[in-house]
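Here the protein sequences come in this chain order: G and A. My numbering numbers the first residue of the first sequence as 1 and each following residue consecutively. My numbering numbers the first residue of the second sequence as 1001 and each following residue consecutively.
Don't take every hint at face value.
Cut-off 27 Å, straight-line C-alpha distance, at most; resulting in silico cross-link-like pairs (BS3-like, lysine-lysine) [claimed, not checked]:
| hint | chain 1 | residue 1 | chain 2 | residue 2 |
| --- | --- | --- | --- | --- |
| 1 | A | 1233 | G | 40 |
| 2 | A | 1233 | A | 1157 |
| 3 | G | 40 | A | 1027 |
| 4 | G | 55 | A | 1027 |
| 5 | A | 1022 | G | 11 |
| 6 | G | 55 | G | 148 |
| 7 | G | 46 | A | 1027 |
Bear in mind the hints are in silico, worked out from the structure with no lab data behind them. Small disclaimer: the values here were computed from a predicted structure and weren't measured.
Residue strings, one per chain:
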Amino acid sequence: MDPVFEQLYEKYHDDLFNFLFYMVRNREHAEDLVQEVYVKVLRSYKRFKGQCSEKTWLLSIARHVAIDFFRRQKHRRKWAGPSEWSEESIGADEPMPEEVAIQKEEIQLMYRCLARCTVDQQLVLVLRFIQSLSIAETAAALGWTESKVKTTQHRALKALKQYMEEEAEREGWQHEKAQLE
Amino acid sequence: MKKLNWNERCIQHGLEQLPVVKDRRAKEDIYERLERARRAARWKRRWLPAVASAAVLVAAAFAAPRLIIPEPADKQVASSSAVQTWRANDVSSHPEAMMATEVSNEAVSKAVIALPDRKIGMVVPVVVPLFGRFALEERLTAALDELNRSSLRSAAKWLDGITMAPEAGDRGTWAVRVPADHRIFTADREEQQLFFMAVVETVRQMGGQNIRFFTGAEEGLDLSASGPLKTTKVDQQKRIYYINRLSSFGHAVLISVPSSARSFSEAVQRMKKPGGRGLEPAIPPEVKVDHVHASGRHATVSLRFSASLDAADAARMAEAILLTAKEFGLLEVTLAANGRSSIGPYPLGERIKVPAGPNEELLTAGGR
Chain G
1 MDPVFEQLYE
11 KYHDDLFNFL
21 FYMVRNREHA
31 EDLVQEVYVK
41 VLRSYKRFKG
51 QCSEKTWLLS
61 IARHVAIDFF
71 RRQKHRRKWA
81 GPSEWSEESI
91 GADEPMPEEV
101 AIQKEEIQLM
111 YRCLARCTVD
121 QQLVLVLRFI
131 QSLSIAETAA
141 ALGWTESKVK
151 TTQHRALKAL
161 KQYMEEEAER
171 EGWQHEKAQL
181 E
Chain A
1001 MKKLNWNERC
1011 IQHGLEQLPV
1021 VKDRRAKEDI
1031 YERLERARRA
1041 ARWKRRWLPA
1051 VASAAVLVAA
1061 AFAAPRLIIP
1071 EPADKQVASS
1081 SAVQTWRAND
1091 VSSHPEAMMA
1101 TEVSNEAVSK
1111 AVIALPDRKI
1121 GMVVPVVVPL
1131 FGRFALEERL
1141 TAALDELNRS
1151 SLRSAAKWLD
1161 GITMAPEAGD
1171 RGTWAVRVPA
1181 DHRIFTADRE
1191 EQQLFFMAVV
1201 ETVRQMGGQN
1211 IRFFTGAEEG
1221 LDLSASGPLK
1231 TTKVDQQKRI
1241 YYINRLSSFG
1251 HAVLISVPSS
1261 ARSFSEAVQR
1271 MKKPGGRGLE
1281 PAIPPEVKVD
1291 HVHASGRHAT
1301 VSLRFSASLD
1311 AADAARMAEA
1321 ILLTAKEFGL
1331 LEVTLAANGR
1341 SSIGPYPLGE
1351 RIKVPAGPNE
1361 ELLTAGGR
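In isolation and in its complexed conformation, chain G is listed as follows (with noise of 0.2 Å):
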């Protein structure tokens, strides 16, 4: 087994899984896609020169594979006309996976809210919250300014609120301030 790989699989696998899951939300694609990364980084890891860490730098590819996962997804949507369609488009939204199934009602909710922000937005809440990046990392792996990433992160922490709220309603939700736990 080549031993970058052994490396960064013992020490990024489950970051990179878990980052590639939540932004396109289907295993299999995550699956495919975390395949895609090791061999990008694997043809380009003698060019690092450790301007940022591993991780980071991991996760920016990461994003531009799930990226341009999106710009194939978007494209067959495009042309999913009355004539043409793949299995996916024909089925029912993706299914929530038994993790997130098994939590309480209002992390449920969330994820599937999650879904509703823009690319950007679910970029910057990814890896801001759920991989527990600084705004510093996060600016180094999505390649923005960190002011970029503050307000994008402003902004989608409000969408997700909203359409947090709108779900709610919707599902007959009770009026209540109250917290999460």
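Given chain G's structure and the hints, the job is docking chain A onto it.
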């Protein structure tokens, strides 16, 4: 009681509570798949320039057409030698789908053209045998000529005047040239969508990965259904074949549908389910899939018949299985079934080469 209002802090805290979703595969499995993908990438890097050079030589030879006397189709086996040699060297290094240009010794004698079928709102790929040797650049034009002489001519009219050929130096990118006065520019939205899908599926079937569009001498294609478009990527998702019996071509046809199946075995199981939108499963309920085993570039599919099947349906089922195998990069399939010696024209217990494309019978069935 469930609440409805959250503050920003609550949202942040909630995000932090989202569970970690882990990859369930073993490290060894992931590495094995990774190695396969890397081998495929290396193969492409190593062989594509050689293939491109060979194609340039072939194109140069065909530039002097009078010097070349067309050979009968049954003698056209020379071009398969490169494929055979490569197979002998490394059977597992090319897991990508085999396209019409790559399959066996049919490489120089067949082309696949996808035809729009407005009645069913789908495109129907049709493999067209060509009599004589043609460079890749000329093959689709020759195939369109053949179609224009067949009962499929009215569907083929949509592609009249269009040229599709790989670009020199980048065989994965195909240039599609549409005459500026082509009828597609005045067609309705659905016709334009079907036209576009037909072009993309044709290029995909011929092994293309990207398309550059040209209208007349200008780069780009501007259809009202799609807006201006200079290039597009061909979706490389593997397809599963289903049956549609309502085609305007007067016969049941095989239609390919993108699938998320991750192996040929999974794809065969999915072929037992309807594809939606009037697509029947290619493997009917009377047939049970006992066993599917793929190894290298060969697969064995064991079927069990609980009732007899119409001969044409049985043949169509076998063809769909073989074509789906091709999508998954397989070259040969051995079919097995209880109490039978053949399924349609396909003998059981023998290695059958995957066909170059589907629906060849449409050309002969309609009376040419």
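| query | So which hints don't hold here, by number, going up? | reply | Result: no hint breaks.
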